[in-house]
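Using the hints, position chains B and C against chain A.
In the order they appear, the protein sequences are chains A, B and C.
Take any residue in the first sequence, note its place counting from 1, add 35, and you have its number in the working numbering.
Take any residue in the second sequence, note its place counting from 1, add 15, and you have its number in the working numbering.
Take any residue in the third sequence, note its place counting from 1, add 23, and you have its number in the working numbering.
It should be emphasised that the hints constitute simulated quantities derived from the structure, not laboratory data.
None of these values were measured; they are calculated from a predicted model.
Check each hint, because a few of them may be wrong.
[What the hints assert, rightly or not] These stretches of chain B come out as covered by chain C in the derived footprint (C-beta under 8 Å, 3 or more residues): (1) 45–53; (2) 175–187; (3) 242–253.
Glycine included, C-beta positions come from ideal geometry on N, C-alpha and C.
Chain by chain, the residues:
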Amino acid sequence: MSEPQGRRTGPDRDATGTGAPHGAPQGPRTARDEILGRIERALGRRRPPVDRAYAAIERPYRRRHHESGIVDLFAERLAHYRAVVHRVEPADLPGAVARVLTRGRYAVPAGLPAHWLAEVDPALLVHEPPTTELDALDGVVTGCAAAIAETGTIVLDHGPGQGRRALSLVPDHHLIVVTADQIAPDVPEALERLSPARPLTFVSGPSATSDIELNRVEGVHGPRTLDVIVTR
Amino acid sequence: MRIALFVTCLNDTMFPGTGQAVVRLLRRLGHEVEFPSAQTCCGQMHFNTGYRKQVLPLVRNFAETFAPYEAVVTPSASCAAMIRDWHPRLDDAARDTAAKVHELTEFLVDVLGVTDVGAYYPHRVTYHPTCHSLRMLGLGDRPLRLLREVRGLELVELPDAAECCGFGGTFALKNPAVSAAMGADKAARVRRTGADALCAADNSCLMHIGGVLTRTAGPAVRTVHLAEILASTEEDPS
Amino acid sequence: MTMPTYLGMPAFPRAARAAVADERLRDNLARATGTIRDRRRAAVAELDDWAALREAGRRIKDHTLRYLDHYLRLLEEKVTAAGGTVHWARDAAEANRIVADLIRATGRTEVVKVKSMATQEIGLNEALEKEGITAYETDLAELIVQLGDDRPSHILVPAIHRNRSEIRDIFRRRMPDAPPDLSDEPAELAEAARRHLRAKFLSAQVAVSGVNFAVAETGTLVVLESEGNGRMCLTLPKTLISVMGIEKVVPTWRDLEVFLQLLPRSSTAERMNPYTSAWTGVTPGDGPQEFHLVLLDNGRTSVLADEVGRQALRCIRCSACLNVCPVYARAGGHAYGSPYPGPIGAILSPQIRGIGSPVDASLPYASSLCGACLEACPVAIDIPEVLVHLRAKVVEEGPRHPLAGTAMAAAGWTLRSPRRLALAQRLASASRRLIGRRGRIRRLPGPLRAWTDSRDAPAPPPESFRAWWKRTDGGRA
Numbered sequence: 036m037s038e039p040q041g042r043r044t045g046p047d048r049d050a051t052g053t054g055a056p057h058g059a060p061q062g063p064r065t066a067r068d069e070i071l072g073r074i075e076r077a078l079g080r081r082r083p084p085v086d087r088a089y090a091a092i093e094r095p096y097r098r099r100h101h102e103s104g105i106v107d108l109f110a111e112r113l114a115h116y117r118a119v120v121h122r123v124e125p126a127d128l129p130g131a132v133a134r135v136l137t138r139g140r141y142a143v144p145a146g147l148p149a150h151w152l153a154e155v156d157p158a159l160l161v162h163e164p165p166t167t168e169l170d171a172l173d174g175v176v177t178g179c180a181a182a183i184a185e186t187g188t189i190v191l192d193h194g195p196g197q198g199r200r201a202l203s204l205v206p207d208h209h210l211i212v213v214t215a216d217q218i219a220p221d222v223p224e225a226l227e228r229l230s231p232a233r234p235l236t237f238v239s240g241p242s243a244t245s246d247i248e249l250n251r252v253e254g255v256h257g258p259r260t261l262d263v264i265v266t267r
Numbered sequence: 016m017r018i019a020l021f022v023t024c025l026n027d028t029m030f031p032g033t034g035q036a037v038v039r040l041l042r043r044l045g046h047e048v049e050f051p052s053a054q055t056c057c058g059q060m061h062f063n064t065g066y067r068k069q070v071l072p073l074v075r076n077f078a079e080t081f082a083p084y085e086a087v088v089t090p091s092a093s094c095a096a097m098i099r100d101w102h103p104r105l106d107d108a109a110r111d112t113a114a115k116v117h118e119l120t121e122f123l124v125d126v127l128g129v130t131d132v133g134a135y136y137p138h139r140v141t142y143h144p145t146c147h148s149l150r151m152l153g154l155g156d157r158p159l160r161l162l163r164e165v166r167g168l169e170l171v172e173l174p175d176a177a178e179c180c181g182f183g184g185t186f187a188l189k190n191p192a193v194s195a196a197m198g199a200d201k202a203a204r205v206r207r208t209g210a211d212a213l214c215a216a217d218n219s220c221l222m223h224i225g226g227v228l229t230r231t232a233g234p235a236v237r238t239v240h241l242a243e244i245l246a247s248t249e250e251d252p253s
Numbered sequence: 024m025t026m027p028t029y030l031g032m033p034a035f036p037r038a039a040r041a042a043v044a045d046e047r048l049r050d051n052l053a054r055a056t057g058t059i060r061d062r063r064r065a066a067v068a069e070l071d072d073w074a075a076l077r078e079a080g081r082r083i084k085d086h087t088l089r090y091l092d093h094y095l096r097l098l099e100e101k102v103t104a105a106g107g108t109v110h111w112a113r114d115a116a117e118a119n120r121i122v123a124d125l126i127r128a129t130g131r132t133e134v135v136k137v138k139s140m141a142t143q144e145i146g147l148n149e150a151l152e153k154e155g156i157t158a159y160e161t162d163l164a165e166l167i168v169q170l171g172d173d174r175p176s177h178i179l180v181p182a183i184h185r186n187r188s189e190i191r192d193i194f195r196r197r198m199p200d201a202p203p204d205l206s207d208e209p210a211e212l213a214e215a216a217r218r219h220l221r222a223k224f225l226s227a228q229v230a231v232s233g234v235n236f237a238v239a240e241t242g243t244l245v246v247l248e249s250e251g252n253g254r255m256c257l258t259l260p261k262t263l264i265s266v267m268g269i270e271k272v273v274p275t276w277r278d279l280e281v282f283l284q285l286l287p288r289s290s291t292a293e294r295m296n297p298y299t300s301a302w303t304g305v306t307p308g309d310g311p312q313e314f315h316l317v318l319l320d321n322g323r324t325s326v327l328a329d330e331v332g333r334q335a336l337r338c339i340r341c342s343a344c345l346n347v348c349p350v351y352a353r354a355g356g357h358a359y360g361s362p363y364p365g366p367i368g369a370i371l372s373p374q375i376r377g378i379g380s381p382v383d384a385s386l387p388y389a390s391s392l393c394g395a396c397l398e399a400c401p402v403a404i405d406i407p408e409v410l411v412h413l414r415a416k417v418v419e420e421g422p423r424h425p426l427a428g429t430a431m432a433a434a435g436w437t438l439r440s441p442r443r444l445a446l447a448q449r450l451a452s453a454s455r456r457l458i459g460r461r462g463r464i465r466r467l468p469g470p471l472r473a474w475t476d477s478r479d480a481p482a483p484p485p486e487s488f489r490a491w492w493k494r495t496d497g498g499r500a
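So that you can see chain A by itself, here it is in the shape it has in the complex (with noise of 0.2 Å):
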């Protein structure tokens, strides 16, 4: 079989790659220009400047739709999911977390504050597993990057404390410590809490399908329990 048009091969490909497309070259046109060519014969040349359009793109819709009792809607919401939801005082964090964490072996990322985990007991903690251990353990400890109020979220971007994609992913329970600073009202200004470049996981309730009649079912692949401690 021969080498298809359209492979690129990779950060080094070639230098012609990318920006404007270059003259027509030597041989079959490649499927990148070919795309390419096809869609600005399809819009014509005449545009004014993208940024410019961009930029009178209107957005008269809400930053926010809550203006306050911000922590309690997260909990209210993340709780319509069924999610376990515990609402504590800073102080009483270890004791709230040594009360979810009470049997089983628990997967601990690197960096997560130590004084959260100080009232568990160190036998039930295994310290960044590696993935194919992952299986074996009851559940993980992590905690966040950002929250969401009005949606009930929690976004994780995988940084200290928080561990590796797969290590909140495969064990069946998931404790998430969520600060009260860290939950933003709504969707817009959590976003630009978050860098693009992180890789980012959204997390509204445990893992879930409507593939049944449409119906909300909890517990498939993700954890399906997920507690979630919100100090206040």
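Just chains B and C now, with coordinates in the frame of chain A:
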């Protein structure tokens, strides 16, 4: 105010009683309507079926025929929507005339400012908001406000009222199985209201639902255009 | 352009007739769409700025399409800079070839897949099978479809045509590790799927996904899902291959603030779907270390060239239009002969594939033009407008229907002249006693029989309105 009646080709041919009701009703409210006899059709059937070449002469004829009038009243939400939404886009010269077209309940409520038209209709009635009246024209609750003022009329709510009855113009012929299934579901819901009359702002949809109602078993429900209910009085019942 | 697995489908009316006669199917569809309809309405009503969000979504998408070449170049640049590899595919065959070659280069013969409309469209699974590569669908509904040797019938819930007991039967029959006493409780069915796929996820080396959004300014890919199978596929394998239609690009990260509000509420009627994954190229030590993005045209550029039809490319695949469509609820998804069923399919498939086949020429007519789809669409695609636009194309360029054409021409000729209309009305009135009984007609001739097969027609009145007006001077005489 010079008011013209656009009766629509379907009402003209099949449901003259509806046009007569509009004439009677407006006359009772103190307004004479004229019937410009050069009128034919708004072109909706051809337009919606894809026969564009047939449409333009109909659009032009409509614009020319109704240009001299200050207001055009029509007892069809569907045709009113076709004229207002599409005529100006098909022929710029049709713009001014199209803007003067009012569906009957719009004309009564917005132009004449009446909701109590002095009607009497001693029946249990349910109302089907036709798709074009609801989603294209945005009639809102105008028909219901008019119906609520009719003496003797008991208005009962139609469940899932906003769902299409399955008429859809040539859809009824091109996809008869689906159209009939939708019609059967609509008719069944109409029957369950216990109403003895079903009304709407479009005779096309009523023709379809009525055809299912008389074909299928169950208590008789008559279909009647809204205009005929509003025209009905104790002395002159329709 | 092609959707390889859907060749030779019958025209919509014929397929729909069979579906309408299937009472269980109608029941399943009515129940599922009825449930989601009410919930969607509530989820949307909760945001008092929904109309503004919808308008912003429409504008962002229109802007992106207007500068699609620019944003695709930018996306390519950013994905490449982040360690990914970008491929371009003109059509289904080219895309399938690229994906198959990439998989073969890993030395593997099995891949896990997360639900993707683009790969359904190009028939990737079947193409891979011919190359000796097995693709495992991991989305619950896709799994049901795959195990049942079935076709998807809904964008979001491909097995919507199956109820819980049918799903249990499929699992019992076709899932080797399904418990023999499996019940039809949804939770138990989900549990069975979890156990069935667990080992696959943990050992998978290559995954294939679709893409919901691709952010040009950052090179970030976004996938929304519910079950966690997406996270599994996007995280655990060494190699990830994502296939996206070129219209899935959005300009900036900020634009997601609109779509992450519009999509879940329109789709599953949730404030937010359980899981959304976003990744940019390759992250050392976390997730797949080799990432390929395949940009798929497959007819999209010809849709773009149509100024009325191009709004179909705004679609974010939420399936709200399916769920509110009275035609879809009765005809089911299979009748549309495409992985894109329902109202959006009726405008997308004939544009992507052209109107040459019976099914594609019939799809623009698979609607009563009731407008419920437009009302529900979170990016305000005027589906009725595009349907009518495509009908005009079918009349001008599509397969000939001499009978219908002649009838419409005759009607047009009659309606062009009030005199001819009046004559036709007199003929109709004269015939009323011949064909009607008590004002009703039970059987009409010719093409009009399609009407009287299932409903009565009114008999023509003794005189038309215009005849009455003339005779009585508008009722004054």
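These are the hints, each one checked on the structure:
Counting residues of the stretch 45–53 of chain B whose beta carbon lies closer than 8 Å to any beta carbon of chain C gives 5, which meets the minimum of three for the stated coverage. Interface restraint, the stretch 175–187 of chain B with chain C: holds (10 residues with C-beta to C-beta distance below 8 Å; minimum three). Judged by the Cβ-Cβ criterion of 8 Å, the stretch 242–253 of chain B is not covered by chain C as claimed, because only 0 of its residues qualify and three are needed.
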